Structures are given as structure tokens and as C-alpha cells.
Amino acid sequence: MKIEQKDIEYIAYLSRIELSENEKETFIHQLSDILSYIETLNRLNTETVEPLSCAINTTNVFREDMLEPSTPLKDALLNAPASQSVFFKVPKVIE
Amino acid sequence: MRLFENTAFQIKEKILSREICPVELTEHFIERIKNIDPHVQSFLSIHEAEALKKAAQIQKKIENAEDVGFLAGIPIAIKDNICTKGLHTTCASKILKNFIPPYDAFVIKRLKERDAIILGKTNLDEFAMGSSTENSAYNITRNPWNLDYVPGGSSGGSAAAVAAGMSVMALGSDTGGSVRQPAALCGVVGVKPTYGRVSRFGLIAFGSSLDQIGTFTRDVKDAALLLQAIAGHDSYDSTSMPISVPDYLSEIDAGVCGLRIGIPKEYFAAGLNEDVQNALKSALSMYEQFGAKVIDISLPHTEYAVAVYYIVANAEASSNLARYDGVRYGYRTSKSNGIVDMYCRTRSEGFGNEVKRRIMLGNYALSSGYYDAYYLKASKVRNLIKKDFDLAFQNIDCIVCPTSPVPGFKIGERAKNPLEMYLSDIYTIPANLAGIPGISLPCGFSKEGLPIGMQILGKHFEEKKLLQIAYAFERETDFHGKKPILKFSSAQRG
Numbered sequence: 190m191k192i193e194q195k196d197i198e199y200i201a202y203l204s205r206i207e208l209s210e211n212e213k214e215t216f217i218h219q220l221s222d223i224l225s226y227i228e229t230l231n232r233l234n235t236e237t238v239e240p241l242s243c244a245i246n247t248t249n250v251f252r253e254d255m256l257e258p259s260t261p262l263k264d265a266l267l268n269a270p271a272s273q274s275v276f277f278k279v280p281k282v283i284e
Numbered sequence: 006m007r008l009f010e011n012t013a014f015q016i017k018e019k020i021l022s023r024e025i026c027p028v029e030l031t032e033h034f035i036e037r038i039k040n041i042d043p044h045v046q047s048f049l050s051i052h053e054a055e056a057l058k059k060a061a062q063i064q065k066k067i068e069n070a071e072d073v074g075f076l077a078g079i080p081i082a083i084k085d086n087i088c089t090k091g092l093h094t095t096c097a098s099k100i101l102k103n104f105i106p107p108y109d110a111f112v113i114k115r116l117k118e119r120d121a122i123i124l125g126k127t128n129l130d131e132f133a134m135g136s137s138t139e140n141s142a143y144n145i146t147r148n149p150w151n152l153d154y155v156p157g158g159s160s161g162g163s164a165a166a167v168a169a170g171m172s173v174m175a176l177g178s179d180t181g182g183s184v185r186q187p188a189a190l191c192g193v194v195g196v197k198p199t200y201g202r203v204s205r206f207g208l209i210a211f212g213s214s215l216d217q218i219g220t221f222t223r224d225v226k227d228a229a230l231l232l233q234a235i236a237g238h239d240s241y242d243s244t245s246m247p248i249s250v251p252d253y254l255s256e257i258d259a260g261v262c263g264l265r266i267g268i269p270k271e272y273f274a275a276g277l278n279e280d281v282q283n284a285l286k287s288a289l290s291m292y293e294q295f296g297a298k299v300i301d302i303s304l305p306h307t308e309y310a311v312a313v314y315y316i317v318a319n320a321e322a323s324s325n326l327a328r329y330d331g332v333r334y335g336y337r338t339s340k341s342n343g344i345v346d347m348y349c350r351t352r353s354e355g356f357g358n359e360v361k362r363r364i365m366l367g368n369y370a371l372s373s374g375y376y377d378a379y380y381l382k383a384s385k386v387r388n389l390i391k392k393d394f395d396l397a398f399q400n401i402d403c404i405v406c407p408t409s410p411v412p413g414f415k416i417g418e419r420a421k422n423p424l425e426m427y428l429s430d431i432y433t434i435p436a437n438l439a440g441i442p443g444i445s446l447p448c449g450f451s452k453e454g455l456p457i458g459m460q461i462l463g464k465h466f467e468e469k470k471l472l473q474i475a476y477a478f479e480r481e482t483d484f485h486g487k488k489p490i491l492k493f494s495s496a497q498r499g
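Just so you know, the sequences run in chain order A and B.
Plus 189 on top of the position in the first sequence (first one is 1) and you've got the numbering used here.
Plus 5 on top of the position in the second sequence (first one is 1) and you've got the numbering used here.
Bound conformation, chain A alone (with noise of 0.2 Å):
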């Protein structure tokens, strides 16, 4: 699979991470390289092969619904970038 700019450019904006142009050069080509490298796993026909996601047979894990200490608010907040008051502050989301 050869990655092209339109490609690296929808990835990049998908992951929120912005890239300069040396640097869309570079990962082009290191995706390509990595892409062709997966594409190997289509010499195998898995038509009628399960997905596994987890290696280990788990099933859902109840637990009663109890009320339990939850982290303290003065330290949720401890390594916030900004806050005000109770709330973590961002830049403005609503123009």
C-alpha cells in the first residue's frame, strides 16, 4: 500500500497531530514501508477464521452498585495545565 500526502494528510488530522512537510515526506515512506510489510498477512485466506481481540476467555465483570471513595477533587485537579475553581479550563470551544 503506497501512502500519499492526501493519506498522510487525513491521518494526521485524525490522530490531531500536525505535521510539516519534511515530516510528511518522512512518514510517508516509513508507512508505505510498514503497510507493505502488513500486507503480507494476505497470502493467508481467513474467511472462516474468528477475530480475536483478547487472549484470555474473560467475560464481563459486575460489581454491586456501591458508592466508594473517588480521587479527591483537589487532587484530580493537581495536574491540570489550568483550572479555575472546581473546573479544568480549556481555550474557548464555541466561537
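Possibly wrong hints are sitting among the right ones.
[As the list claims (entries may be wrong)] Covered by chain B, according to a simulated footprint, are these stretches of chain A (three or more residues, beta-carbon under 8 Å):
1. 197-205
2. 234-248
3. 270-280
Since the hints were made in silico from the structure, they are not lab data.
Source: prediction; values computed, not measured.
No residue lacks a Cβ here, since even glycine has one placed at the ideal position from N, Cα and C.
Start from chain A and add chain B according to the hints.
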């Protein structure tokens, strides 16, 4: 033997017999780190004050003949992607440079309850993405056996710290080999437990269906001791299994007589270094002498494991790393024009190139129109890889194979080509895809004097048997007893 070369069991004995006291011991290791680490660069932070305070508490308990935990006074280093309350946890990323977790990871809580001494946090490839510890945003960790070589990765800081005698034990994490491969390259014992054996609460997520916390120690008995301390169910990690934990030390000397050891032909194919191959051959003939039966097996889908891994792990990573948006914690860009611009600048400035590459690859594999071709396809082939193991284990007790195809590689040698770096993990990745446990232990040296690791893989939750099989080899050999001679031009030699 010098104190810093002691195993946890030797130190435990000395502490309980009051031959040494925990404060002195902690000071000894902090001093050792200050002398050696400027050259090896294992640590990202040293917790001198906290470590000495904890040591003094344990000392007091011992003096008062109070009960102490079974890791009392034993120094341990922690990979910096495991949360430590009140102490920096960076993932070796700029984006978490100032992050101070408000809680302890489950494994840290366990270590504290068992009275271990946490010396500091160790270097890794940023967000555990790499096989050489060169992708750290802070330092390049060096291999204590030869400072021109990488220590492996991503838990290279933890492996190098134990190898260089800066810590007695260490914790790491293993998503595709990040405990076993650096353990092999640094000549120490590394255990990746079964997926679900150790709680990952507080381990900063990379690939959630693959990540598992693992151990670094100087020998197999220490590995059993440390695994005992951290294994078990935790209601805060819904993937940790609510099943009992066996006593890993009892019957560790059970031997291998009558056991069936599988040798997968795909792990001894082209690309395997000659020294590694010879070391494994002689280890296998030793196992035969000990009474084990060595059986040729095939794991036919092995060659697809790396491709599957780079889709699955990165798809999961792209989702896990979406949380770094500059809002609740971590780095935020200094200037931005609206919130989406803030996200983009924060992430572009905060993440390194390997992390960006993997997030983009993961998002691509999950994006509309490509999901079936990449993510779904990879998940199906993952099932074939797991079935290979299921089938093989019907007829054998364990698999023995190399941990890494080469004894090591030089700093910078593979850094330019991501794909070549990815292939470093070809022998370790399948175990993560199948969720099975694995151990790497020293089994020889290359012509250049670099350690070689042997990997033993077992069935789900059969860590106890793996430790027995590993110990059967270790007690008859002295590869684990060899120490690196640190070569740097300084008065403070190792």
C-alpha cells in the same frame, strides 16, 4: 561478593540476621546509582528521601522485632510508566514531563505493603514503544556489558539497572517483548506473566490486550519471589483473573525429568545469529541430560506475528493515547487558537516521532474503509497464532527458543529504520498475542562478550512450571552469576 551484586534472597537473609541494616543498604545503592548511572543512564528519577525514610521505618520494625513484609528492605527500581503516588511518572515522554500521579499502581501498593524500597524510576522507549530505549525523550540508556550497545527495550532502564548492580530487582512492562528482550540483552532474568496474572491498574496503557507487568531479577528464585509479591486479582483491573496464586518458590527445584520441551522450527530459521543458535543448542542438550524430552514442533503462523502485532498494538495505542489532549494533565502548548488547535499543537509538541508514527498507523488501521483490511484481518491472524500454541501445548509442557535473534545491536544501528527495529521482537511478540507467560534467562555469551537469553514459554497461568524449568537450568550453570565489568574512564569502576 560485593553487596550490590547480591540477590534479593541473599540481602533478605543479611537484613533479617541483622548483618546489614536497611538504611545502610539503601545508602549503598543510592551511592552506587550516583557513581554508575551517569554512564549507564538507567534512571529518570531517584527517590532518595522517600527510599531512606521507608528504610528507616523498616529498620525500626526489625529492631522492635515486629513483623515485616517478605521484601523487607530489598531495593527495587520501577519502569517510569507505572504510577507512583506523589512521584513523577513520565513514560519517558515530554507530554508527561511534569505528571505526578495522585495514586499508586496496584503493583506499587503491593511492593510497599511487602516493605520493598523503591529507589527510583527507570528509562524506557517513550510510552514503551521501542526495542532499544533509544526512543526516550530524555536519555539513551546503555548496555552495562558494552556501553556502545543498546540495553534492549522498552524496559531498558530497568534491565540495565539490575545488570549494573544499581538495583537488586526491577519492574517493567511487556507488550511485545519489552521485559524479556532487554533481560536477554542485559544478562538478567525477565518474566512476562500470563495476561491477567498481574493487575495493570496504574500501568499507563499502550496496547491494552497485550500489556502485562513483568519482573527483572538476578536469578530465577528472585523472580519467583517478586512475582509472588505482585501477582493476584485486583477489582480495579477487570482483565486481572480472580484465580488463586500458587506458591512459586515451593517445589522450584522439582527439575525437568520426564517433561516434554517443544522446539519450534520457525524460531531457529534464517536470521538467527550463530552464537545464539549454539547457546540454545547446548542448553537443550543440557535439558536432555536432566531427563527432559526435546520434541520438534511447528508454530506455522510465526512469520505473521510481527505484522499482526503492529496493527493490533498500534490500533490500541492510537485509542489509548487519545487521552493526551492537554486538558486534565500533562503538557499543554503555550499558545493556541481555539481548542482543536490546542489539541493538535500539544500533541505535536509533546509526542516523539515513534509515538506519532504508531498513533498514525493505528488510526489508519482503524479508519473507515481500512478497518476490515487491516484491523479485522490482523485480529483473525492473531487467532491463528494463538491456535498454533493451543495445538502445540496439547503435546508438550513448554517451548524453549531464543529470546532475541541477535545478542545485541549498537546504539544508532537500527534507529533509522523502524521496520528493522520492529523485527527485533520477532521471537517475543507471539506470546503477547496469545497471552501466554514467558521467561528469559541467561544461557551463554556471544563472541563479543554480550549475554544471550533463552526464552521459555508456557501455557496460560503456568508460571510456576516455567520457573521450575528455568531453575533446573540455572542451578547447573553460572551464566546468571557473571557480572559486567563496567568500562568507563573514571575512578569509580564497577
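### Query
Of the hints given before, which are not true for this structure?
none
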